[in-house]
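**Q** Which chain is which? The protein sequence lines are Y, E, A and H, in order. Following this note's numbering, the numbering of the first sequence begins with 1 at its first residue and continues without gaps. Following this note's numbering, the numbering of the second sequence begins with 1 at its first residue and continues without gaps. Following this note's numbering, the numbering of the third sequence begins with 1 at its first residue and continues without gaps. Following this note's numbering, the numbering of the fourth sequence begins with 1 at its first residue and continues without gaps.
I should point out that these hints are in silico values taken from the structure, not numbers from a laboratory. Heads up, the beta-carbon is just placed ideally off N, CA and C, and yes, glycines get one too. Treat the hints loosely; a few may be bogus.
[Stated by the list, open to error] One-sided and incomplete, this derived list gives chain E residues near chain H with beta-carbon spacing under 10 Å:
| # | residue |
| --- | --- |
| 1 | A24 |
| 2 | G174 |
| 3 | L177 |
| 4 | D231 |
| 5 | S258 |
| 6 | T259 |
[Said to hold, decoys possible] In silico SDA-like cross-links for lysine to any residue, where the CA-CA straight-line distance does not exceed 25 Å:
| # | chain 1 | residue 1 | chain 2 | residue 2 |
| --- | --- | --- | --- | --- |
| 7 | E | K390 | H | K259 |
| 8 | H | K289 | Y | E410 |
| 9 | Y | K390 | A | H182 |
| 10 | A | K259 | E | H411 |
| 11 | H | K259 | Y | K390 |
| 12 | H | K289 | Y | Q413 |
| 13 | H | K289 | Y | L421 |
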Amino acid sequence: MGVFLKMLTNEAEVATPLTLAVPASTCRPGDTPDFSDMVISEPGVVRRPEVTESAQDMHELATELIRVLDDKGNAVGPWAPVIDTAMLVKGLTSMMVTREFDRRMFLAQRQAKTSFFMQSTGEEAISTGFRFAMRDDDMNFPTYRQQSLLIAGGYPLELMMSQIYSNSHDPLRGRQLPGLYSSKDTGFFTLSGNVATQFLQAVGWAMASAIKGSDSVTAAWIGDGSSAESDFFSAMLMASSFQAPVILNLINNQWAISTSQSVVRGQAATFAVRGHGFGLPSLRVDGNDFLAVYAVASWAVERARRNLGPTFIEWVTYRVGAHSSSDDPSAYRPKSEAAAWPLGDPIERLKRHLIASGAWTEDQHADLEGKVKEQVRLAQAVAEEWGTLKSGPGPSPRDIFEDVYADVPEHLQRQRREAGL
Amino acid sequence: MGVFLKMLTNEAEVATPLTLAVPASTCRPGDTPDFSDMVISEPGVVRRPEVTESAQDMHELATELIRVLDDKGNAVGPWAPVIDTAMLVKGLTSMMVTREFDRRMFLAQRQAKTSFFMQSTGEEAISTGFRFAMRDDDMNFPTYRQQSLLIAGGYPLELMMSQIYSNSHDPLRGRQLPGLYSSKDTGFFTLSGNVATQFLQAVGWAMASAIKGSDSVTAAWIGDGSSAESDFFSAMLMASSFQAPVILNLINNQWAISTSQSVVRGQAATFAVRGHGFGLPSLRVDGNDFLAVYAVASWAVERARRNLGPTFIEWVTYRVGAHSSSDDPSAYRPKSEAAAWPLGDPIERLKRHLIASGAWTEDQHADLEGKVKEQVRLAQAVAEEWGTLKSGPGPSPRDIFEDVYADVPEHLQRQRREAGL
Amino acid sequence: MTMIEAIRDAHMLAMESDDSVVVFGEDVGFFGGVFRCTQGLQSRFGPTRCFDTPVNEAAIVGAAIGMAANGMRPCVEIQFADYMYPAYDQIVSEAARLRYRSAGDFTAPLTIRMPVGGGIFGGQTHSQSPEALFTQVAGLKTVIPSNPYDAKGLLLSAIEDDDPVIFLEPKRLYNGPFDGHHDRPVTPWSAHELSDVPSEYYTIPLGSAAIRRAGSAVTVLTYGTMVYVALAAVAECAIDAEVIDLRSLVPLDLETIIKSVEKTGRCVVVHEATLTSGFGAELCALVQKHCFYALEAPIERVTGYDTPYPHAQEWTYFPSPERIGLALQQTMAG
Amino acid sequence: MTMIEAIRDAHMLAMESDDSVVVFGEDVGFFGGVFRCTQGLQSRFGPTRCFDTPVNEAAIVGAAIGMAANGMRPCVEIQFADYMYPAYDQIVSEAARLRYRSAGDFTAPLTIRMPVGGGIFGGQTHSQSPEALFTQVAGLKTVIPSNPYDAKGLLLSAIEDDDPVIFLEPKRLYNGPFDGHHDRPVTPWSAHELSDVPSEYYTIPLGSAAIRRAGSAVTVLTYGTMVYVALAAVAECAIDAEVIDLRSLVPLDLETIIKSVEKTGRCVVVHEATLTSGFGAELCALVQKHCFYALEAPIERVTGYDTPYPHAQEWTYFPSPERIGLALQQTMAG
Ligand SMILES: Cc1ncc(C[n+]2csc(CCOP(=O)(O)OP(=O)(O)O)c2C)c(N)n1
Ligand SMILES: Cc1ncc(C[n+]2csc(CCOP(=O)(O)OP(=O)(O)O)c2C)c(N)n1
Ligand SMILES: [Mg+2]
Ligand SMILES: [Mg+2]
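In isolation and in its complexed conformation, chain Y is listed as follows (with noise of 0.2 Å):
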């Protein structure tokens, strides 16, 4: 080969055989619950940055972890948002009936009512207080774990139930999967049961709402474990390329089914993390503190709203129930790993914080639980007579011709003639 030879191994001596580094959960059944290596800043200390500041600058943000309530139930520090008495009682209601919603709805699973349910026990301030920082106009692409989105944004729990029952009042009209709602008028997305895709579609909207120049801003919402998906990167992408009025919420409740987010999160110190390769501001956050979920959502609302460009948020929790009704986590962690979790409950850690405050009583909370109850029931009720899944009514079996297209065509015309509907 002339002047051109086959170069000389360089590296003179063997080196040892590799071995594969799987990563393991921290924690299987047996084990003790171990949230030691998790980073917890303490309540009130990590600074709140102008909305205006550089993404560079912030950079910390996305280790740490910022929390308004202390063990007290104080709302400290500079996170600590103005907000008065009357919307925190309208968030505590609002988790409330979300928890006793979930409560009736895996319960209704159970007798068969319907055919699935997936609950969001324990991660209820985040989407709460997250909506209570939007406007009505602005639009959510959520998960299924997001009932509160709806319910915070005063979608009737009949019809959430009606879709969940599959009965003749559902407005999905039987086709979709219980818990996979869809309104436009409440700012919340159709939902896909494939996880991901949505986190994408998300930042196309935004873009949409800045290309018409709109002022609605638009969340996005993927769980710890769905953020592997690569239409996670697609969307984190596009969001720093095309600088979307998006806000990029990932939700950390440690878990994806039996897999723990350490699997995904990888040699990552965060998830937060994340959107430093993307040079967007990122920040990591106790999602079971209603105050700074809503501070933080409001900041990032805010960012987006005065064409700040993308927000990127880890919103740390846990998922306490099972991932859904055909699950049984306790074949692959400690029954007490919930009890053993950091951040404490959601609405236990508001209702604290009113107490403190002096804005609430044990008395009206309990009287505020009983109305909570009496308000689920009697929607369930209503569900209930308008049909289940086990017992009908349900919709019309030609409905399942209708919307594959804005008008049947002639090939589903044949094929419903044939099905003599």
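With chain Y held as given, fit chains E, A and H with the ligands onto it using these hints.
**A** Chains E, A and H with the ligands only, in chain Y's frame:
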């Protein structure tokens, strides 16, 4: 709705209309080329961490630029590698062979001896220097602009040309687009025409090496434009989660066909910072500096070999030629841009270093140039005897039915019969 | 053995007999998969042979391709076929073409398992039957067992195979041979002879169909869950149909098909996937071409409708024994 | 007008008449697309109406879906159909199902353009014809013009359409009506009557086929580049074939097809895509079903082989006039 009411809008004023920030190219035909916003560290100033140092501790390496050769051709600073003259001359030779190979094959395409060709002019140092830091049993998952990996690996030019000509000696039997080589023996994975897919496969290959307890490492390659594809993300994620012995190389040659790197980079300061989101050691390197390339490649290869996990590297360079033989860059960038490129030409710079260090003369260089030209000319003559796309002889038409599966299944046998082959 | 147990058993034997077999996917490691098909593998073979991955189907298949090219035989799980789309590029552009484009220099001997089909009220993202999206792709093999015995033998063949194999598991059959009568008590596998699975290693060659019921009046071509629904339909309308369980779509046992249709002169194709461009279309095209002069009536297709899979109206959508029966009668009248 | 010019013209008119039409994709902004189909749009309508995106097909389609749901009418370009796979999940799981699953609450009126087909020595990643991967998906419409006049009218219809439309552009036709005789001089569009494109806005309804040659002996069903190859074959073997250019695969003009086959009694299906589970299979299934008693010979398919698209052997792979001629003769003899 009982205790629960539809929330009120909590932002009183209407914000100003949003606008979309469409990222623009720095520079289009008619503009004056401008690289002033590019971070270029002085040669020798960027520190060289131990391979065992944590990713976190070497964060700054993603926003600086590792360089060894200064303007006078001296090798300076902690990254200056220990490398003997023979090896440097070999590197120089290899780069010169690549450039001459590119020149001749581009011309051959213009002469219709083949359908398509992609040059790597200006980028030769990266693949050449990197290949010199690898062992022969290591594996590359290259892009289409890395003929240097094969050339530096000692793969016969005649066979590369045969592939380009789809001739009777084409190892790929006429099936592949010119330039999409494959050579397992030379540590060169079969190239896909789809960008980015293989960046991910590289991680799988490396994981297998680890599972098997071998000690060979893997290099993945991707372009700045292609790093926008989701598989880039999946690769980074898998490498991070499983600590695979892989070097993840991103070649930032400033352009993705007509689209500037800034479109993909978005708000990130550099491509290298993408690695921070995954907790990966992330370095940014002068890709036109053969010594820097070799030094950083050796460092990263050592990390992988010692089971210290993946490294992410952004190689900064410039695509001097057209995107491909089908492209005319004068339609989308100033003709003068290449000349304004601040990091010079890799061959010129290595030559200057050799001369500056007293190991090389202009005469020797001229002599080598002659030999290189002759070597490539001869190889081309041999390859053309084996046929060109225009004039044959080519592979057999029958070949198209083979290698779809390990054995030709019945239905393909039937189709082959029908084709009369 | 149930189908789940048979699949688990096949994994065990494959991993025992060949160190290069590795198993991974979402929740397949510690938990053993949401359908428990990989249960016990991690504890038996350790976490480098069977492990959990991040939720990223492209990453699962992409990494498996790299591993396969590097000498392993990955057998990976996609949690539901409905979630294979993110991996589709890796499957089509890469796994299916590696051998061809490298002229055999690199190959991708991997198996991609995924549950398919409806009947569990899973709605549009837990019920799909995307087989035709694989059969259109040269370089892939597509297999679909209908019982525990076949599941084990075909899965072992798939893992042994030197080409990428898409292994579709009708999820409604995991726990019993469902015949479409959703309102009747569930039949467990134990009541079915093909649940009698030998404990040793055996393979069933890819590309051989099985005649589940011999008959002379009409040929029913089907696979997966629909095998039992078709058998029920045949029994109920008392037509002497020959029911063929294709088991493998690519390669296809065309010989068995032709022989049967030449004999019966009539043909009904049944699948759960949507009609237009479903695999049934290919079967119709082949049968009319190869048996044209034997055919006495148009080939009928009974399939899912050309809509997404609904939730509440599942039993309207699912091709029922009644619909199949009607098609059989229509064909007989043709 | 060439086909490229007609497509450009359609874009211009669509963007002029409707502010919600936005155009984006890889290299489509400043440069005007690698095939120059979007040239001039950015300078005319500004960078928020027509822009370059990062190289990420999922991002292009995913963002387009979000925009479409939010009131825009995006018309996006995938640089080659061969690169649509990364976007396939967004297309299938999302664009196609948005309306259905939300019961019309959200819709996705977007157009996804992509060049298809071979004949340009593009090898396996610049030559594919993946139409059957779209026709299998309920909720999508799939359109493929064969000349400048149709390209303009169909693209305007696609953009107007309230559902997602896959718009396939036979790249070998961009600059002339190629008839498969690769060794003969190239025919430019100017020599063809359908290059006479009116400058005003007009639409061609999706779902109507065009009879390119009336005939009585045999029906040829085809689309895209193969229209011209089939016409050449018909001319050369002097068979009085009726050549139907389908133009739209879903919705399909079944009426025109049935009418023709009932008349001719014979049918040949021609496409460039691979055979197995190609769209031709669906055509065979439909024709044998609806015209069974009229058919005098088996329906023949002339298609690409079930292999990836080769580079050097392109003309072996490409369905030639000769192969089509043979099939016509065989059908006539059947
Ligand atoms: C594309 C896709 N792949 C896999 C699944 C199955 N799946 C549903 S939820 C889930 C885990 C998601 O975990 P996470 O995002 O953390 O959300 P969480 O359930 O914790 O709220 C998986 C794997 C899916 N729905 N879609
Ligand atoms: C999946 C896919 N999408 C699009 C293309 C078309 N394409 C080929 S190269 C290229 C640009 C890549 O740019 P970059 O990665 O920077 O590499 P460079 O050409 O600069 O070396 C594009 C868009 C492709 N080959 N594959
Ligand atoms: Mg989670
Ligand atoms: Mg580039």
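**Q** Would you pick out the hints that fail for this structure and give their numbers low to high?
**A** Of the numbered hints, 7 and 11 do not hold.
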